[in-house]
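Chains as they are written, first to last, in this note's numbering: chain U, 1 to 95; chain C, 1001 to 1258.
Honestly, the hints are just simulated from the structure, not real lab data. Every residue, glycine too, gets a C-beta built ideally from N, C-alpha and C. One or more of the hints may lead you astray.
Here are the simulated DSS-like pairs of lysine-lysine, each with C-alpha atoms no more than 30 Å apart in a straight line [to be verified]:
hint	chain 1	residue 1	chain 2	residue 2
1	C	1135	U	22
2	U	68	U	22
3	C	1138	U	22
4	U	68	U	78
5	C	1228	C	1135
6	C	1228	C	1138
Footprint (simulated), chain C over chain U, 3 or more residues, beta carbon under 8 Å [unchecked claim]:
hint	segment
7	19-29
8	41-55
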Amino acid sequence: MTGPMIPIWEVFIRSRNGLAHKHVGSLHAADATLALQAARDLYTRRGEGLSIWVVPSQAITASDPADKGMMFEPAASKIYRHPTFYEVPEEVGHM
Amino acid sequence: MGIGSICVAETPLLRFILRRADDALILGHRLSEWCGHAPMMEEDMALANMGLDLIGQARLLYAYAAEVEAAGRDEDAYAYLRDVRGYGNLLLLEQPNGDFARTMLRQFLYSAFIDPYWRALAGSADATLAAIAAKAEKESAYHLRHAAEWVLRLGDGTAESHVRAQTAVDELWPFTGEMFEVDASERGLIDAGVGVDPEPLRRTFHETVSRVLVQATLTTPQGGWMQKGGRNGYHSEHLGHLLSELQYMQRAFPGAIW
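Chain U extracted, bound-state conformation (with noise of 0.2 Å):
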């Protein structure tokens, strides 16, 4: 039944207030309804979240595994982009 007629849903889930939904699996489902039930009963079964945000996997353009380097490359050697020539003050919190 999980043939190429259900499609494939990327899950997002938020596990606390003020940081961002993370990815953590994929499921298939019939709509958006369903893959939202079905999101919440396949990964927050411990707990793990107060937010689940699911996307069509064929919404998701992603990048090229052989365009590594030209993509992702260039930025290693320039450290000074890094924020780690300051402290943050503690009153900060998290970033």
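Following the hints, put chain C in place on chain U, whose structure we already have.
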């Protein structure tokens, strides 16, 4: 070898608790039978989750029954060592799973009743029952939503799924009357503010059921003859088979743990 059944001296309160516990355990066991057999992995998990919710409710209620009876038993004794006649669950819940539509319609009809029932019982004068009901209501609210979504898709799906869903509605409908049954034993508890009168919930139940069934292009049966007996231990032939599987280990190896 093996072990016989226990004899529970039922007071109205104990009977009330055991009936609700039996409902949860029997439906929870039925849902567990789907484990590894559901039409897709996602639904396999959903059914097992609902089954675990129900078995969790049963455990809380059996534990409270043990406290009320004060005969030195634990929750397992009620689940594993009572025979068919000792069980007071609704006949609806022991009906076999059948196809997926039948399982979902059974879940939908029960959830449409038990969700407002738990909500009402959360106001019980009995603090333990009120706490259990408040916890169970959050679970039954989700069961209702999940089952209703499937009823919509099965009823308004293909010609095949429509026929299966309508057949399930028609075959299960005669078991819905029992949900509103009140005997003298429960009447006293209702008057004392401990139990819940199901009669005012009838309207909520019918509104929920007809709203979903209409949207699912399914026909809601009107009235008709209603089967009763489960609350007093008169069960269909299916419960004995279910209990033989559920109880076999504890009957053959009393007190076995692993």
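Structure-based check of all given hints:
1. For the given pair, residue 1135 (chain C) sits about 29 Å from residue 22 (chain U) by alpha-carbon distance, which is consistent with the 30 Å threshold.
2. A C-alpha spacing of about 22 Å is found between residue 68 (chain U) and residue 22 (chain U), which places the hinted pair at or below 30 Å, so the restraint holds.
3. Taken as a hint, the residue 1138 (chain C) and residue 22 (chain U) pair is honoured in the structure, with Cα atoms around 26 Å apart against an allowance of 30 Å.
4. Using a Cα cut-off of 30 Å, the hinted pair residue 68 (chain U) and residue 78 (chain U) holds, with the two alpha carbons roughly 17 Å apart.
5. Restraint check for residue 1228 (chain C) and residue 1135 (chain C): the C-alpha separation of about 28 Å stays at or below 30 Å, so the hint holds.
6. Taking the CA atoms of residue 1228 (chain C) and residue 1138 (chain C), the gap is near 28 Å; set against the 30 Å cutoff, the hint holds.
7. Three residues within the 8 Å Cβ limit are the bar, and the segment 19-29 of chain U against chain C gives 3, so the coverage statement holds.
8. With 3 residues carrying a beta carbon less than 8 Å from a beta carbon of chain C, the segment 41-55 of chain U meets the three-residue requirement, and the given coverage holds.
Hint compliance for this structure: no hint is broken.
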